[in-house]
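Asks: For the protein sequence lines, the chains are A and B, in the order given.
Heads up, the first sequence is in our numbering, so the first residue is 381 and it goes up one at a time.
Heads up, the second sequence is in our numbering, so the first residue is 2 and it goes up one at a time.
Derived from the structure by calculation, the hints contain no laboratory data.
Misleading hints may appear alongside valid ones.
[As the list claims (entries may be wrong)] Here are the simulated EDC-like pairs of lysine to aspartate or glutamate, each with C-alpha atoms no more than 16 Å apart in a straight line:
no., chain 1, residue 1, chain 2, residue 2
1, A, K543, A, E530
2, A, K543, A, D525
3, A, K560, A, E705
4, B, K69, A, E835
5, A, K560, A, E570
6, B, K151, A, D821
7, B, K151, A, D665
8, B, K151, A, D670
[Unchecked claim] Selected chain A positions facing chain B (in silico; Cβ < 7 Å):
no., residue
9, G489
10, Q494
11, Y496
12, L667
13, D807
14, S810
The C-beta atom is built at its ideal place from N, Cα and C for all residues, glycine as well.
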Amino acid sequence: MKTKKVISLLLALSLTMAAITGCGGNAGTAASASQEPSSEAAADISAAPEAERETTEADSLIGEPFAETVNISLLNSKPEITKALEAGAGIFSEKYNVVIEVFETDSPGDVIAQRYASGDAPTIAILDYINVVDLSAEKILDLSDQPWCEAGGRDLGVIVNDKVYGMPLTVEGRCLLYNKTIIEELTGREFSTDDYVTLDQFSALVDELKEAGMEHPVVLNSEDWSIGQHFYQYIYMLQDGTAAGGISFLNDVHNGNTTFNENDVFNKVYDAMDIFIANNINQADPLAADYDLNASYVAEGEAAFWLNGTWAWPDFEPFIVEGMEYGTLAFPINGAPELEGRLAASGTKFISIDVANSTKEQQEAAKLFLNWLVFDSEGQNVLINDCGIVTAFTNIVLPPSNPFNVGLKEYIDKGMTVEGVTYMPSDHRSSLAANMQAYLDGVMSRAEVAGKLDEYWTINSPK
Amino acid sequence: MLMKRAMSNGRKSFLYLTFAGPAMLFFFLVVIVPLVYGVYLTFTDWDGLSSNINYVGFSNYIEALKDKAFLDSLLLTLEYVFLSVISVNIIAFGLAYLLTSGIKGQNFLRAGFFAPNLIGGLILGYIWQFVFSRVLVGLYDYIPLGIFQKSWLSSPNTAFAALIIVTAWQYSGYMLIIYISGFVGIPKDLIEAAKIDGANEGKVTRHIRLPLMVPSFVICLFLSITRTFKVYDLNLSLTGGGPYDSTKLAAMHIYTKAFENYKYGTGQAEALILFLVMAIISLTQTYMGKKREVEM
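My request is simple: use the sequences and hints to build the entire structure.
Replies: This is the structure:
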């Protein structure tokens, strides 16, 4: 019948259209997206020639807009800043005719290996220190000639064989995030981080809070990168506060000269962890902890301390209560007067530019973006205010944008920091995180965790 | 007068190529070529990143067989396959039996049971993670039963059970469709003849339905075995291998070995071993099933 034929023809047609739009969708939108910036850029250049053509010093450092649209991709391993990066990329693309596709992951090591294996590496990659070191041999650009190296890039970037391969994106602190207002309310006096630098002092405060009605003053995460990676770093960082000290300890373990169980710092760090666990708001089911719920506990004052780090502000912000103050507290440790009250602050994420799978033009565009972030006022705004980071670059004078960063900067300015950990092999997390989670759940003992750490570091050495 | 022209070999080949060619080409490019390349990689020490590739003979295979974690994950996967396949097929068969007995709205029900299969494994995992961690735990306030007290995903045994439950939920619908077509394909006159001869429902099922359904069993067992052996997306989104790596199945272990530990050669060797185990089991099952097929 005619109606049947018509209907089946329409159905077939709509299915085909769906298939075509689905497959060609990406290409379509990318093409249309690139059309707009180029026409806008053309309009800008012709419409306001005087304003644009005025070459400031910053402009000459950054570079010139591209005549033809260049498409590059950016792998972001800091999910908190993806939205800010996308917005920044939008501003940048309008001015310089470069379209940046941003995608995120929270596990950069394996994703970047995967991408290189499939010949589809992102032009720009935001990675951990060890990832940049692993890639430096053949896959990424030597950035030693870039203008930001002198402004702090060389001091805190990834250096391999005296060449700069990774631009430092952030300086972050690993610490206890706290809710100042609720602590002061419950204790009835002012709270200062200087008063709580030892574990005994901290523990006494926790008891005080409990007596005042706060059932569980501490919040612990369950994520493997948090409890299973960052926590281990306290053991290494607090050996003597320097990277060399941490490396020397790990070499001793590697050579069989000492074990984790015998190590004083290991036991002190775990003493602190035991206090945290005993007062954990997620006590009933520590591994089912939800990151956002955890943020809300401290933001709203149900708990006082969150073992995490200064990167958490974007996830924390949705829950903050108007009028409450928040800050950062160094990891409490007994019997180490030279390390007390020192925040674990270090360069964390690093940016590399691919050389193996990208064209020369794409590499230039990537370099331009990095320059723009450091030297252009709008780029700096993206970095400091939108992404909410504390930067390594001395030329950027914008003040820290959130309470956690304010706290971090205070510790840095006072010189009260310990050096971060950049020497863990790339399989540290996947091999050891599970043990820490088992410890959190009460299924593994301290001695067993120490044994596993010994096992790992006997096979591997610090890089 | 009818004139039948025998098709020339050339014309036959042309027809075969046109119809089967594209599919064969894709199969070759997407399955065969990577497999061969993978086998080549198992004899190298590639770390997944560098351009330096050296031959290392069989050392990757030896390392794979000595890797206790891999063997543990393989054993765990076998357990998981065994329990999932049984659950999926029993549920699917039972539902198919009910949904071909002529109850009201059975077409709607068939579609309804099939729907979970349409949701990808990743999203399914996240949905059920929410159910196990938040919904069930929330029920504890109203029904204080032990099983609702903690999230099922926080301890190894219940997390494993969760994996099986979600797998059964996902695949029962798919196998259901196959079993239904098997049931529907049984000639009604055979059943009527048996009933006239005095057979009850149970005897009819045992002696008529089951033997004639063997092809469906073979297909469903094959599909469920191969799919559950290779599971990764559900594993990742539901438990992430946790708690503390206790539900890390073989595919996840291989992924970690190749991409996180940067041991591509060993990871590929482990993948090949997994493939061999899976192939032996499923092909044996198919062979035994084919032998039992009843010709009508």
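Asks: Each of the hints needs a verdict: does it hold here or not?
Replies: Checked hints:
1. K543(A) - E530(A): Status holds; Cα separation ~13 Å.
2. K543(A) - D525(A): The given pair, whose Cα atoms are some 9 Å apart, holds under the 16 Å limit.
3. K560(A) - E705(A): Judged against 16 Å, a Cα distance of about 5 Å means the pair holds.
4. K69(B) - E835(A): holds, 14 Å
5. K560(A) - E570(A): holds, 9 Å
6. K151(B) - D821(A): holds, 12 Å
7. K151(B) - D665(A): Between K151(B) and D665(A) the Cα gap is close to 6 Å, so the pair holds against 16 Å.
8. K151(B) - D670(A): holds, 14 Å
9. G489: holds, 6 Å
10. Q494: holds, 6 Å
11. Y496: The hint holds - Y496(A) has a Cβ within 7 Å of chain B, the shortest such distance being about 6 Å.
12. L667: Holds. Min distance 4 Å.
13. D807: holds, 4 Å
14. S810: holds, 4 Å
Going down the numbered hints, you'll see the structure goes against none, and every one checks out.
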